[in-house]
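One line per chain: the protein sequences are A and B, in this order.
Throughout the first sequence, residue numbering follows numbering that gives the first Met the number 0, covering 0 to 323 in sequence.
Throughout the second sequence, residue numbering follows numbering that gives the first Met the number 0, covering 0 to 136 in sequence.
FYI, nobody ran anything at the bench for these hints, they're computed from the structure.
In this text, all values refer to a predicted model and were calculated from it rather than measured experimentally.
A hint or two may mislead.
Below, a sample of chain B positions facing chain A; criterion: calculated Cβ distance under 8 Å [unchecked claim]:
| no. | residue |
| --- | --- |
| 1 | 1 |
| 2 | 29 |
| 3 | 30 |
| 4 | 132 |
The C-beta atom is built at its ideal place from N, Cα and C for all residues, glycine as well.
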Amino acid sequence: MQSSKPREAYLNSLIERAVGGDRAALGKLLTVLERPSRDSGIVLRTLVKKSGRAHVVGVTGIPGSGKSTLISKLISVYRSWGLRVGVLAVDPTSPLSRGALMADRLRMQRHATDPNVFIRSIASKGFRGGLSLAALAMIEALDAAGYDKIIVETVGVGQAEVDIMHAAHTIVVVTMPGAGDDIQALKAGVMEIGDIYVVNKSDKPEADQLLEFINFALETGEIGSGEKWRPLVVKTSAIMGTGVEELAKVIEKHLEHLVRTGRFEEKVESRRLMLARLFALRIVEEKVEKIIEAHKREVSRILGESDDPYTVLEALIEKGLREL
Amino acid sequence: MSNYKVLVSKLGLDGHDRGAKVVARALKDAGFDVIYTGIRQTPEQVVEAAIQEDVDVIGVSILSGAHIHHVSRLMKLLRERGLNVPVVVGGTIPIPDVPRLKQMGVREVFLPGSSLKEIINVVRRLAEEKRRAEQQA
Ligand SMILES: Nc1nc2c(ncn2[C@@H]2O[C@H](COP(=O)(O)OP(=O)(O)OP(=O)(O)O)[C@@H](O)[C@H]2O)c(=O)[nH]1
Ligand SMILES: [Mg+2]
Chain A
0 MQSSKPREAY
10 LNSLIERAVG
20 GDRAALGKLL
30 TVLERPSRDS
40 GIVLRTLVKK
50 SGRAHVVGVT
60 GIPGSGKSTL
70 ISKLISVYRS
80 WGLRVGVLAV
90 DPTSPLSRGA
100 LMADRLRMQR
110 HATDPNVFIR
120 SIASKGFRGG
130 LSLAALAMIE
140 ALDAAGYDKI
150 IVETVGVGQA
160 EVDIMHAAHT
170 IVVVTMPGAG
180 DDIQALKAGV
190 MEIGDIYVVN
200 KSDKPEADQL
210 LEFINFALET
220 GEIGSGEKWR
230 PLVVKTSAIM
240 GTGVEELAKV
250 IEKHLEHLVR
260 TGRFEEKVES
270 RRLMLARLFA
280 LRIVEEKVEK
290 IIEAHKREVS
300 RILGESDDPY
310 TVLEALIEKG
320 LREL
Chain B
0 MSNYKVLVSK
10 LGLDGHDRGA
20 KVVARALKDA
30 GFDVIYTGIR
40 QTPEQVVEAA
50 IQEDVDVIGV
60 SILSGAHIHH
70 VSRLMKLLRE
80 RGLNVPVVVG
90 GTIPIPDVPR
100 LKQMGVREVF
110 LPGSSLKEII
120 NVVRRLAEEK
130 RRAEQQA
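Go ahead and model the full structure; you've got the sequences and the hints to work with.
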């Protein structure tokens, strides 16, 4: 299906309005980007000419550690600095349930009416392997729309979540006391490649113990981003609001480091490479699914009846691609 | 096609959200993507959340008795922003007020005792309608 001229004109006006500050248009634009299609490709083509300025901050960590509450407080700090903030909250609902109940926004809802804050929830499924593609595309949109900070919340486990975190300039890993302070807990998913570690809920006892433990793990090199940057640890209480301004300053330090070393632009580039790569993979996947659907009976017998299933499947796909 | 998206909000000052949570949960189980904003929401917050999340349906629950005031403000804001999202209301609404709410543009009112099945069916029908209208536009 070719994108028609009127459709393209509509998409262009949507972009123009979104970039010009029309929030309803931005909301619709993000919906277009939820799925890879000719439409989203056309939109991205225009967006990447306008994006590349925003600082993308990934916030990840164990479920319930206070990520959303902390982000809400971070937004307040950024707003007091005069910055515009976009948030993408990836919901952790089980992939087994059909629908999603997304409650990250609940903790940030006080910012809903601030014209310089834009919060969008993303269900972690229903994208057919395209969760990271959707999130990465949405980063480009918020960036192009002039948000200075784009905060992406995920639980950080699962391939898609890891991909998303790799697209961030700065990875903030949120932990809390009492949630198993052993090395393994800190090595799940992207937890081990944090640029900044946060011990949240420091209003609780055992926070200092966890802090000490993380410092130890960093010193021994068990965790850490592997970049020329020594990860920093910050103690916060998102509920009391303590340590949040310090966290914001530490995030700025990391940003300065990225800019100084040229890593900032490099990360934008690698984020776009990943976006294009995921887009391409999705295109191939759709085609392969079509081919298999058309040769279902043949394919179901290949494993049992063929001497060389790999080569037979490969030939089938290649032939199918030529014929599509 | 992606799941239908519904915003579930508790308008007004009282802090009881058990009913809203039960409905949110049921909609999720029925395959909707539900965005839950929690209690003590203003009409402004509801409209802004609906815009940012680009939802297909707005569901508000009201128990405080100020439903006429809140809902008329909500509907006015939606009109001002040019938003065509169907609104359903649930809660302790006196029966004589139901026609008034519908006159304001509320698509359906669920009184105490409405079944979850009924709510799910109506929300699905409204979401379908909205997506269809959007495709034609
Ligand atoms: N004591 C204490 N509780 C906190 C703090 N920050 C958050 N909480 C509470 O921890 C719970 C989870 O907070 P969220 O902000 O939803 O945590 P989250 O990491 O975003 O949770 P998921 O997105 O579900 O993984 C809530 O009940 C918060 O009120 C804190 O600094 N101290
Ligand atoms: Mg959260």
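For each hint, the structure was consulted:
Interface hint at residue 1/B: satisfied, since its Cβ lies 5 Å from the closest Cβ of chain A, which is below the 8 Å cut-off. For residue 29/B, the interface hint holds, since its Cβ comes within 8 Å of a Cβ in chain A; the closest pair sits about 6 Å apart. Taking 8 Å as the C-beta cut-off, the interface hint given for residue 30/B holds, the closest approach to chain A being about 4 Å. A distance limit of 8 Å between C-beta atoms decides the matter here; for residue 132/B the minimum to chain A is near 14 Å, and the interface restraint is violated.
Checked against the numbered hints given earlier, the structure breaks only hint 4 and satisfies all the rest.
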